[in-house]
Amino acid sequence: MPGSIVEPESAEALAALLAWASREGASVVLSGRGTRLGWGRRPRAIDLLISTRRLNRVLAHSHGDLTATVEAGATVHEVNRELMRHRQWLPIDVVDDDATIGGAIATNDSGPLRHRHGTPRDQLIGIHLATTDGRVVKAGGNVVKNVAGYDLGKLVSGSFGGLAAIATATFKLAPLPTASATVAATFRDADATARAAGAISASQLDPAAFEVRGVGGPYVLLIQFASTQAAIDTQVDQLRALIAADAVDLVAGDAERDLWRRHVRGVWASPGVIVRAGWLPASLAAVLALLNEIAGQGTGIEIAARAGVGAGVIRIDGDVVSSVAALGRLRGRTDVLGHVVILRAGPDVKQQIDVWGSANDHAALLGRVKHAFDPAGVLNAGRGPV
Amino acid sequence: MDERVLTELARICGAEAVLHDPLQLLTYECDALPYLRSSPSVVVLPSSTAEVQAVVRVCHQEGIPFVARGHGTGLSGGALPPSGGAVIALSRLNRVLDVDIPNRRVTVEPGVTNLDITKAVAPHGYYYAPDPSSQQVCSIGGNVAENSGGAHCLKYGFTVHHVLALEVVLPDGEIAHIGSPMVDAPGPDLLGLFVGSEGTLGIATRIVVRILRKPESVQTLLAAFDTIDAGGEVVSAIIGAGIIPAAVEMMDSLAIRAAEAAVHPNFPEADTILIVELDGPEAEVRSLFQIVEATCRSHGATAIEIAPDDVQRARIWRGRKAAFAAMGRVSPNYYVQDGVVPRTKLPEVLGRIRALEARSGLRIGNVFHAGDGNLHPLICYDERVPGETGRAVDVAAEILAYCVEAGGSITGEHGVGADKAGSMPRMFSADDLEAMQRVRDAFDPRHLCNPGKIFPTPRLCGEVPGPYRQHPAEAAGVAERF
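As given, the protein sequences belong to chains A and B, one line each in that order. Position 137 (the first sequence) corresponds to 137 in this note's numbering; numbering is contiguous. Position 414 (the second sequence) corresponds to 414 in this note's numbering; numbering is contiguous.
Just so you know, these hints were derived from the structure itself, not from any lab. Computed from a predicted model, the values in this text were never measured in an experiment. Treat the hints with care, as some may be off.
Unchecked claim - Partial list, derived from the structure: chain B residues whose beta carbon lies under 8 Å from chain A:
no.	residue
1	ASN103
2	HIS177
3	ILE178
4	VAL183
5	PRO186
6	GLY196
7	GLU216
8	SER236
9	ILE239
10	ILE244
11	GLY280
12	THR411
13	ASP432
14	VAL439
Glycine is no exception: its CB is placed at the ideal position from the N, C-alpha and C atoms.
Pulled out of the complex, with its shape left as it was, chain A reads as follows (with noise of 0.2 Å):
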């Protein structure tokens, strides 16, 4: 439990707390509403919880140049709500109805919208941050096009929080597709899987999103494409013809809305060791294959991945001995998995396994970024990766 928790409600605040606390070496978390407070390494003591949640402006939407400035403490659900109304959106999801804007550029975290609009840091424009020396400086603007100066928005995606606090983000927006539906493609055998997956990659269809989930089958893909009514109904016919499922459904409507949201719910809904991870995309069999074997070693496995990219979630569900054996074997097979980072564990799993992984041969380049924006080193109380 922290020390105590704080609210600041402008920039400023914010900042002159971060400096305090740099001035004092009062260890700092930053949260927005803390639905991945859980994730990263076990902390140390935490002296100030610093939450953004009244933070939470939506403070321009220019729609007319698709773009919005929003705080960091605003849900991502909240601003989609304001964006909605001129056809507009931040097409980032979120497993968490709370979960903000700024914990959603700090963990650089994606779902399945990733396939067509990228990762929350491929939409980052400009952005304000709050540094441990209590000053607010932005890096970007407020323009699409523009490379004026260092990128900062980059630096701080992925940090954790451990490196400045995130005060209001600029994006570009996407506009609101006027039709979409969803074809679900069941298969019995994994290879079949990936090979309908390497079809639709290597072909002209332009999907939306593009899942695969299942272990040791039946394996699911979901192929949403979101266009004209014309352009959808030709896609769903050349992908019927392009790929050999067992079971094809067309998913339209309410219906397509429940199958998305059971979807990135889905893998989180029940307890387990979840871990994202990252593969070559035409590894898909080499990947399913790995957590058939996992799985039929009696550990209960599930995957929700983006299948064109290469990266999703993986939950297993086992106890401690053999959920840290089954993590051994994801972080072992370095020839068909990278970057297996432990979102969701229990104490007893972080104990024995470190959430990150293996340092790179950057660690030290890191540790100097690090040192030039927490040179107390205050932020984060150790949770990682900064």
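Fit chain B to the given chain A structure using the hints.
Quick look at chain B alone, frame taken from chain A:
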């Protein structure tokens, strides 16, 4: 330069890869912004990462400032040699190392040209998306340094959206691998920071990019309008209808005339032309293209031409992409500016530029990426007329002020470099710049890696910002301007 250092560099790269004869150094005095010139003490042409690393280590040990150089097409003086320093020219690191079609990744050395990546994968039906106008000659290493865009970045993004991994020689000679061919490397996005850092954080020696499948259909339309405002309204209406074209470009009458004189694209006589390109699935392009065409007609297009095939499409793009170089046909000298405004501010800012044109007496051609508000005013002047060069410089600076006042940026794609370092305080406070400087210090505490770029320093005595002058290579007829 110290004989001992030259000997060491020759030992690393071979004697023929170390240039220090003043005549040989001439080519490296400037990039495609030739008003800024500075003679390096030495130019080194390494052939491998190991050689780059060894050269950087020598520079680091000896305290020699250095700059990496690709093919010298930059427009902001980003490759301007540090005075008395070393140029590390990467033209020999020009191999395509791996083409991985199943994973849609290509690994290249920094001296490979942008277009050569597409050429390597085109037979398989793929392409590399960022397409700066100089793509035939510019290096991918330079694209990484500048975070280059191009006409199609409205839909497809910039270099930073297409680079997955980098091998980097840091300013102290250490090697770091940032990003990853397998996505989601944990930690702060150092790759995103490095791309666009204008060569100040290190030298990329190996680059992994992602490639895209060629779209099923491409449609290109050219529409002529009587006023630039009508063209601007069409752009707003298209975006307002929820359509994100692959590209939206505008040219005004002066730019049209120049392009016509240079490459004869057979553009219609008009005050303004708009080029709109849609790509994607055939059915989608067909239905959205009808909306684009109808929008042009309802806003009073005086002529509409739809490219019937790739040959005609290439003709339209040739006219557009040659526009900068073509200004040489209508004016003895010109200055290419690069500024950005929010798209909705385009009419207002273009109006101010037109008023400035009338007031200054200098003709200003306008070529711009209208979809993302990226302006490229081309300020015409004659350096033989006393005072005109100075007026051109003032006009260019004033246009940047308009961009910043409209909420935009001093550079959309050409970079800050040495040219606009002095303009950075227009956009960023001292605190903002200090935070950026801290990043630089973490990478390069001794400021040896491309010093004098991005960050404002007091201008040298007698130094003037900006106008175009002919590069020696252009004068010799061996290079063309883009």
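Hint by hint, here is what the structure shows:
The closest approach between the C-beta of ASN103(B) and any C-beta of chain A is roughly 4 Å, which is under the 8 Å cut-off, so the hint is satisfied. Contact between HIS177(B) and chain A, as hinted, is supported at the beta carbon level, the nearest pair being about 6 Å apart and thus within 8 Å. Taking 8 Å as the C-beta cut-off, the interface hint given for ILE178(B) holds, the closest approach to chain A being about 6 Å. At a threshold of 8 Å, the smallest CB-CB gap from VAL183(B) to chain A is about 4 Å, leaving the interface hint in force.
For the restraint placing PRO186(B) at the interface with chain A, the shortest Cβ-Cβ distance is roughly 5 Å, inside the 8 Å limit, so the hint holds. At its closest, the beta carbon of GLY196(B) sits 5 Å from a beta carbon of chain A; the interface hint therefore holds under the 8 Å criterion. With a least beta-carbon distance of about 4 Å to chain A, the hint placing GLU216(B) at the interface is held under the 8 Å criterion. A hinted interface residue such as SER236(B) counts as satisfied when its beta carbon comes closer than 8 Å to some beta carbon of chain A; here the least separation is about 6 Å, so the hint holds.
Satisfaction of the interface hint for ILE239(B) is found here, the shortest Cβ-Cβ separation to chain A being roughly 7 Å, below the 8 Å cut-off. Restraint check, ILE244(B) versus chain A: the minimum CB separation of about 7 Å is within 8 Å; hint holds. Annotation: interface hint on GLY280(B) holds; nearest CB of chain A at approximately 5 Å, less than 8 Å. The restraint placing THR411(B) at the interface with chain A holds, with a minimum CB-CB distance near 5 Å, inside the 8 Å limit.
The beta carbon of ASP432(B) is positioned within 8 Å of a beta carbon in chain A (closest approach about 5 Å), and the interface hint is therefore held. A least Cβ separation of about 5 Å between VAL439(B) and chain A falls short of the 8 Å threshold, and the interface hint therefore holds.
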